[in-house]
Amino acid sequence: MRVSRNELTASLKKAFEGLGFSVGDYQDATAMVIWSEMHGLNGLQQLQDALPSLYSCLCLHAKLIRNDDNYALLNGQSSSILLCGSQTVRLACALARQQGSGQVQLDNCHNRRFIAQRLVSAAQSDSALVAYWVEGDRAFKLSVESGAKQPIYSEFASTAISADQSLMIFVGNDLAAVEAKFSAAINPGPPIETTSPDTMINSYNDMLEQGIEIDDNLWHELDNLVARVLVESTESSRAGAGD
Amino acid sequence: MRPASQVMQLNRLGSFHQSRLSFMRTLVRRMVQENWQINSTVFDLDTEGYGTAVYEVKAKYGTYSYVLFSHYLDPENRNDRVIADQWDLTMALCEGSVDAEQLEFLRNNVPKQEAGRVDSRVFVLSRGNRSGRTFDYVVDQLTQGRQPDVDVIAEVGYLYRTTAAYGSGKLGMADWEKVRTKHRDFARPFAAEMFTCFMLRHFSLQHADYIAAQRAPKTAVKLDDDIKRYFGIGNSTGLGMAPFLINHPLLINQWIEQRETALARAIMAGREGLDTAILDRFASGTARVIQHLGEISTGDTQQNISNGLVREELQELEHWLRAEGKNIIDSHYSWAELVQYAECNWHIETQEVINSMLIELYPELVDELEEMMAVEEDQHLVPQMSLDDLKDLIEDKYDWALAIDFSRTESQGSFWYRSEEKMEPRLGQTYVDMGMEKQMPLAIGRMVRECYDEICIYMTEFPQQDVAHFILQQPNFSGAICRIQTMARSQYGDIRENLVHSDVLPIHLLRCKLSFFGVSKFDPRSRLWVRNTMFQGAPLISDFGKPFFDDWQFPIKPVLSSTSDPSVG
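Going down the list, the sequences are from chains A and B. Take the first sequence: its letters are residues 0 to 242, numbered as in numbering that gives the first Met the number 0. Take the second sequence: its letters are residues 0 to 568, numbered as in numbering that gives the first Met the number 0.
The hints are all genuine.
To spell it out: a stretch of chain A is covered by chain B in this simulated footprint if at least three of its residues, at any positions, have a beta carbon under 8 Å from a beta carbon of chain B; those stretches are: (1) 0 to 6; (2) 15 to 23; (3) 55 to 63; (4) 85 to 93; (5) 116 to 126; (6) 203 to 213; (7) 229 to 238.
Here are the computed lysine-lysine pairs in the DSSO-like style, where the Cα-Cα straight-line distance is at most 30 Å: (8) Lys59/B <-> Lys512/B; (9) Lys62/A <-> Lys390/B; (10) Lys111/B <-> Lys181/B; (11) Lys111/B <-> Lys421/B; (12) Lys169/B <-> Lys12/A; (13) Lys111/B <-> Lys12/A; (14) Lys169/B <-> Lys111/B; (15) Lys148/A <-> Lys12/A; (16) Lys169/B <-> Lys57/B; (17) Lys512/B <-> Lys57/B; (18) Lys111/B <-> Lys512/B; (19) Lys396/B <-> Lys437/B; (20) Lys545/B <-> Lys59/B; (21) Lys180/A <-> Lys148/A; (22) Lys181/B <-> Lys12/A; (23) Lys512/B <-> Lys169/B; (24) Lys221/B <-> Lys556/B; (25) Lys12/A <-> Lys512/B; (26) Lys545/B <-> Lys57/B; (27) Lys545/B <-> Lys221/B; (28) Lys390/B <-> Lys12/A; (29) Lys437/B <-> Lys111/B; (30) Lys396/B <-> Lys12/A; (31) Lys59/B <-> Lys181/B; (32) Lys396/B <-> Lys512/B; (33) Lys181/B <-> Lys148/A; (34) Lys57/B <-> Lys181/B; (35) Lys545/B <-> Lys181/B; (36) Lys556/B <-> Lys545/B; (37) Lys437/B <-> Lys12/A; (38) Lys421/B <-> Lys437/B; (39) Lys169/B <-> Lys59/B; (40) Lys62/A <-> Lys437/B.
Note that these hints are calculated values from the structure, not bench results. Think of the CB as a built atom: it goes at the ideal place given N, C-alpha and C, for glycine as much as any other residue.
Start from the sequences and build out the full structure, keeping to the hints where you can.
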């Protein structure tokens, strides 16, 4: 079935609320999923894969382990980027504002592809950002220029298979400077695949025009989560609506 | 412009009336001036008026279709609440022309409303119920070759009332961003929803004429055009509208800022004094509002008292304007002085009526603001802000929230929740009703208070720290801080009231939003829902393209020409 972005937004907010997310978290998580889906990065499939662990995640956030000048290390406590992503990017941006550049490493965190929307959102406040992580034999990098609405999304062949669940965020005033910091720390080699901003824009426009295709089972599962925030209707409760 | 501390009080917001910037007014201006062509391409109704109608709408930038299904409804099943599942009329506004296949798809889904699904070619889904008091009466009169009595119409003001107009992507419809960017004719907030109600009004008048003609082809007459203009569309609005105002603070800020800008421009225009022409128009407008309020029929005691008070005060104003006109002009009296006098001496609703009337006087200064009513609801957190600055900001911008004593039982005597019945928002009584643990986060004042207290505690240990570090420690406050920082950059937006107080009056929230829609004749049915009238007094489709003086606010009974007098028949 197809749904509109507005409709999916309303459903996801309540579904995440049903999972126990707080107001800021369910707003951010919803934005992350929808952005990924509409820009062609399979946000709904990622969500479907993530849901089993979200049911039992206890809504844990990242914990600060270390903070030295412009570098910070966070522990994601095996939680999801949907819960830790905002904190991580915001900390990196704050460090960059105070120190000229910021670098944050988030360890032990899942669903890292959702971070794209958080980077784009932060880029609207005069920050340039790079995110990097490794999944098995693949590495991924997202780069966003200050003020840009779409990132450049690149995939690399990793030199070694890694089960590491880390995410690195680099932030500065302009992308060239941030890329230089990134290259100095990590050199993944040439990308094997790059998704251009134009491809993402086309995907976004198509879904805005036609609606977003969502698997019936996932929609049904979201409905069940939404039901968690609804209150049973009684004669007495109808009085609370004006009867 | 007036300060937020004055404007954003709930009782003042609940005293707002429509203005030139209200969405119905701007839509009608656009349709008439651009001469939209609206014709029925399908009018397939049986003799009782049940069937299908399709109207093709040729607007300035595109073509649209308004599709309507008329069904038999047992009066026993007629229910205006959102939980209803049957209606007299159901309709959809679609992009482009509708072919037979799409019409069939719509026929299978539109009558089901929330239980159906449509697609992104549809902008708005809506439904309407007949007025038990007027519809049969009007059709009977027309059938007998007579015009209906205007006094009977004045009691109700409409033939049908709409109980919902869904847009913005609900139930598979087009996303608001698609409508805004692709269809310029409907690129203003709620323009498509208002148009759907306008078309319901058009159909309702055509429907009455049609059924009368079917019943008595030789003797039936058509409704007189002046009477037609006096018919609006009824509307029932309940709590569903209330959370919208809290959850779209930037949009509400935008609407109120434009209205306040319009008022400030009107007051400035009169700063050097007033002339005879403008004073005459103002006095005539005052007389009209007095008559309008006198013609409102409501069973709500409080509203009746309020209407009476406003009428008395406006009568005082009109008498003064008529008696002292020359002195007012000679003494260089200004609108600012009148506004100040009203604030010191008159009822809050009188003040806001006067403000709407002042805005009305200066279309050349005001109407351009209609293009500024939309804004993206995009909140941003500033992570590098020091907690010291955030604390100062809360103390400055949210002093009203910090002044509320939430330790008092009545300060948390209510809670808002969504019912499992169509997710209808409802108001519960704390520790009495079920569902407190699932309450909606609409208590902005309490949220700010809790956030402020946590910041103060955290700062005792980390006085130099920033927001980013605070939300690592207290992640559940990120939403609150995001809202506080965003709204601190705007003037209006947050309603300065404890919305979970035991005595909260949600009807003020509804009235505020409805005033921006442009409705009139508020008829509260409780503190939780209100009946009102849309488009009463507005031009008809047959008036489009003709010379037009945009002056249909505060509608009054028409004075009929002799040819349309009921007694002539």
